[in-house]
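J.: Put chain B on the given structure of chain A with help from the hints.
Residue numbers (my numbering), protein chains in the order written: chain A, 58 to 159; chain B, 2 to 150.
What the hints contain is simulated information worked out from the structure, not anything from laboratory work.
A hint or two may mislead.
[What the hints assert, rightly or not] Straight line, CA to CA, 27 Å or less: simulated BS3-like cross-link-like pairs of lysine-lysine: (1) A:Lys157 / A:Lys64; (2) A:Lys144 / A:Lys124; (3) B:Lys102 / A:Lys144; (4) B:Lys128 / B:Lys60; (5) A:Lys127 / B:Lys60; (6) A:Lys124 / A:Lys99; (7) A:Lys124 / A:Lys65; (8) B:Lys128 / B:Lys102; (9) A:Lys124 / B:Lys128.
For clarity, every value in this text was computed on a predicted model and none was experimentally measured.
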Amino acid sequence: MTIEHYKKADTLYVKLCGELDEHHSAYVRTTIDTLTDGDVIKRVYIDMSDLAFMDSTGIGVLIGRYKRLKPRGIPIFIQSPPPTVDKVLRLSGIYEIMTKAG
Amino acid sequence: MENQMTVIFDAVTENEAFARNTVAAFCVALDPTVDQINDIKTAVSEAVTNCIVHAYPDKSQKGKITITTTISDNSVHIVISDTGIGIDDVDSAMQPFFTTKPEQERSGMGFTVMESFTDSLTVERNKPTGTVVSMTKTIRGADWKKKTH
Chain A
58 MTIEHYKKAD TLYVKLCGEL DEHHSAYVRT TIDTLTDGDV IKRVYIDMSD LAFMDSTGIG
118 VLIGRYKRLK PRGIPIFIQS PPPTVDKVLR LSGIYEIMTK AG
Chain B
2 MENQMTVIFD AVTENEAFAR NTVAAFCVAL DPTVDQINDI KTAVSEAVTN CIVHAYPDKS
62 QKGKITITTT ISDNSVHIVI SDTGIGIDDV DSAMQPFFTT KPEQERSGMG FTVMESFTDS
122 LTVERNKPTG TVVSMTKTIR GADWKKKTH
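Bound-form chain B, shown alone:
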């Protein structure tokens, strides 16, 4: 059975913990392991940080971030979108250590972390503006592990 939730919130750093904890809490129904929950939290935090740091350079206008999380039998699908300025060159942005803001001590590891901590990652243009990041992670709960190993 599919179950879905959507949250929309301001693109401010205060909401980073809220975003990752909300998605993680929704995924608890799948009986994930502690490691899987931490992977989800980290991946969500990376995507949300990107929206806050890069998507809305005009700080006088409050941008929004939308997260839709869908859980099904054994996987979670997370879509994180903004309506900001978008990414000029997605291929470059996804390279490890690539950053457009080296002066801010940015590691350039955001997409690399998302890719490593989930099973699939896609980054697309949002319409009319912005970016859509989609991630899927298979969750086979702790019980499943006990049964099969």
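For reference, chain A alone in the conformation it holds in the complex:
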């Protein structure tokens, strides 16, 4: 599992590459928190186009980030989830709190 990221203006772009399961959840959690803590950003895009696998552990990670960023008024957008990841996202109802952008 690797994470690529860059900031453009006040938007943080995070790209998750590989397989997100319990084994990699702590890494994803702390990486995104480090990137979002203390930095002036207005929104976060999470690019999932290279995320080959995700189980419900990933849902927990996403909901956790949502709870941290919501008080700061920072929305999370999900980009390009592959069908298998999208199926887990839809089942969990995550799109009620995060917008799918492409």
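T.: This is chain B only, laid out in the frame that chain A set:
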């Protein structure tokens, strides 16, 4: 014809990818679609994660997870068991969003995912201790789809 394989491995997160990929590889003989293979991988990952996160709270003792996968003409039957502490209230545990570890940012969606991604799911007590999760999924291969649709 039935064909069966069993793997036993340590209940550690390093083995999650091994577990789901091993079961998926064994099922390839049924000529599943990509979607079906992904469903199996996800369901296995959920069950194995439950064993690792919940079954063996005493981390000083290495718990084991056993997976027996049986394939027949057009279906796969997967039994994932541990000998850990077991589940107090299975009915509650199977409710969407139920988790005993909310402080760890757990979604509580594990059994819901297993149920949705397979055709049948049963959760029983293992003897003398632990939990047995059984899942069945019908696999009609890509060729079958082409022939009938």
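J.: What hint numbers does the structure not satisfy?
T.: 5, 9
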